Each structure stands twice: as structure tokens, then as C-alpha cells.
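> Sequence:
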Amino acid sequence: NKPSMLKPEGCDVHRMTSWGENSVAALEALAGAVKASARDVKPQALAELVKPTGALTFASIAQAIACAIPENAIMVDESLTTGRGFFPPTAAAAPHDWLQNMGGSIGFSTPLSIGAAIACPDRKVITMVGDGSAMYTIQSLWTQARENLDIVTIVFANRIYQILRGEFDNVGAGEPGQRANDMLRLDRPTLDFVALAKGMGVPGRAVTNADEFNKALAEAVAEPGPRLIEVQM
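For the sequence shown, the residue numbers in the numbering used here are 1 to 233.
If you're looking for bench data, these hints aren't it; they were derived computationally from the structure.
The model shown is predicted, which means the values in this text are computed figures rather than measured ones.
Every residue gets a Cβ at the ideal spot worked out from N, C-alpha and C, and that includes glycine.
Do not take every clue at face value.
Simulated restraints, written as ranges between beta carbons of each label pair [claimed, not checked]:
hint: 1; residue 1: Asp-12; residue 2: Glu-147; range: 34 to 42 Å
hint: 2; residue 1: Ala-195; residue 2: Glu-167; range: 28 to 36 Å
hint: 3; residue 1: Lys-7; residue 2: Ala-195; range: 21 to 29 Å
hint: 4; residue 1: Asn-22; residue 2: Gly-225; range: 39 to 47 Å
Could you put together the complete structure from these sequences and hints?
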């Protein structure tokens, strides 16, 4: 019974425009109705894109990906806990599209990347997914190989369903017990995504630091066809 934090109690939400309507014209009409004055708007400063070095952190992972995004790429994001800081650095990356989950499901990204690659065969697709989410639809790698789709799959291997672990706190369930925690772990046995990819016909490599990640990203983006990078965190 934890209350929603999206809007305060008693707040009414009014939709100004719907899909397919002219949002710019609606905003101009609203500005005229409230007699808003014209002013110069200072654009938000973009992050400087510098390839990271050293240890893999949430910040260095985000920076490495931002530096590697090719122009007109399609980014499929199911990075969950790893990707919470992706938007500031990637705002300065080459122009790209970003596909995000619209609900609370996990496991959608690798099938979605297949659809994106088939719909736009002339564009590089880069999929970012957690190790737990990847296991829901791991067979997507076989389809990528079968159809020779131009997809780079980046698996963030933190060896736990961290997003579900966080939900214990979010719903106010308190500290989970040992058995509950055990159900969320992915280290008994440890998953080998490079071996899983190889078994389905997709070349892969594992990285353990930012320098290796930069190199793996550059090579995967430059080569056509499916590739997998396991980011060991």
C-alpha cells in the first residue's frame, strides 16, 4: 500500500496533446494564453566526451558507451541499475535513437533489438542489458546469428538481480532473509555469457576494466554482424 510518488494527492493531470497532434503549436498556444514573455533560453551544457580509464564504475561505463555510439545508432536500453547515469553523457554523443522499457518487465531488450535491426538494417543496434534480464530471452542471440543482424549486445554481469533486490526497499518490505537473497543471486554457478554467445554463433569477449571496454566497443561497432560484450562488474 505504498503511495505513488508520481503526483501529490489531489493533483489533476490534463493532457495537452495526444499522439499525432502538433505539440509545438499547442505549447505556443499555451504560451500565448498565459502571456509568457519571449526570452533566450540557455541550453544545457553537454558533458565532455573523454574515453575513461581504470576501473569499471557506473560513471566510466556510461562515458565509454557515450564515446562509442556511432551516428544514427539505435540504443536498446535494459541496463536497469547499471544505466541510471547514462543520459547526461550520451546527450553529447553522436545523434541516435533510444528505445526504453515502458513498464516494469525485464527480458525485453534482446528481442526488441532483433526487431530494430530487421526494421533498420542500415543502422547499428546496441543493446544494453543486465545479466539477469538477459537470461529471460538469451535465445535471441541465436536469432541474431541466424539472420546476421548488426547488433552489439552489452551484458552487465553483476551476478545478481539487483533491480529486484532494490524493489524490496522500494515497496517497504524491509531486509530480505537469506533464502530470498539467494533466489536473486546469479553466481551459483556463475554465468559465462561469452560461452553462451559462442554456443549460439555470436562472437563475444569479456572485459574487466574501462580500457578493455573501450577497445571491445570500438571493435564491435566497427564490425558488421552480431557481437557480445560481457562487462564483468
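> If any of the earlier hints don't hold here, list their numbers in rising order.
1, 3
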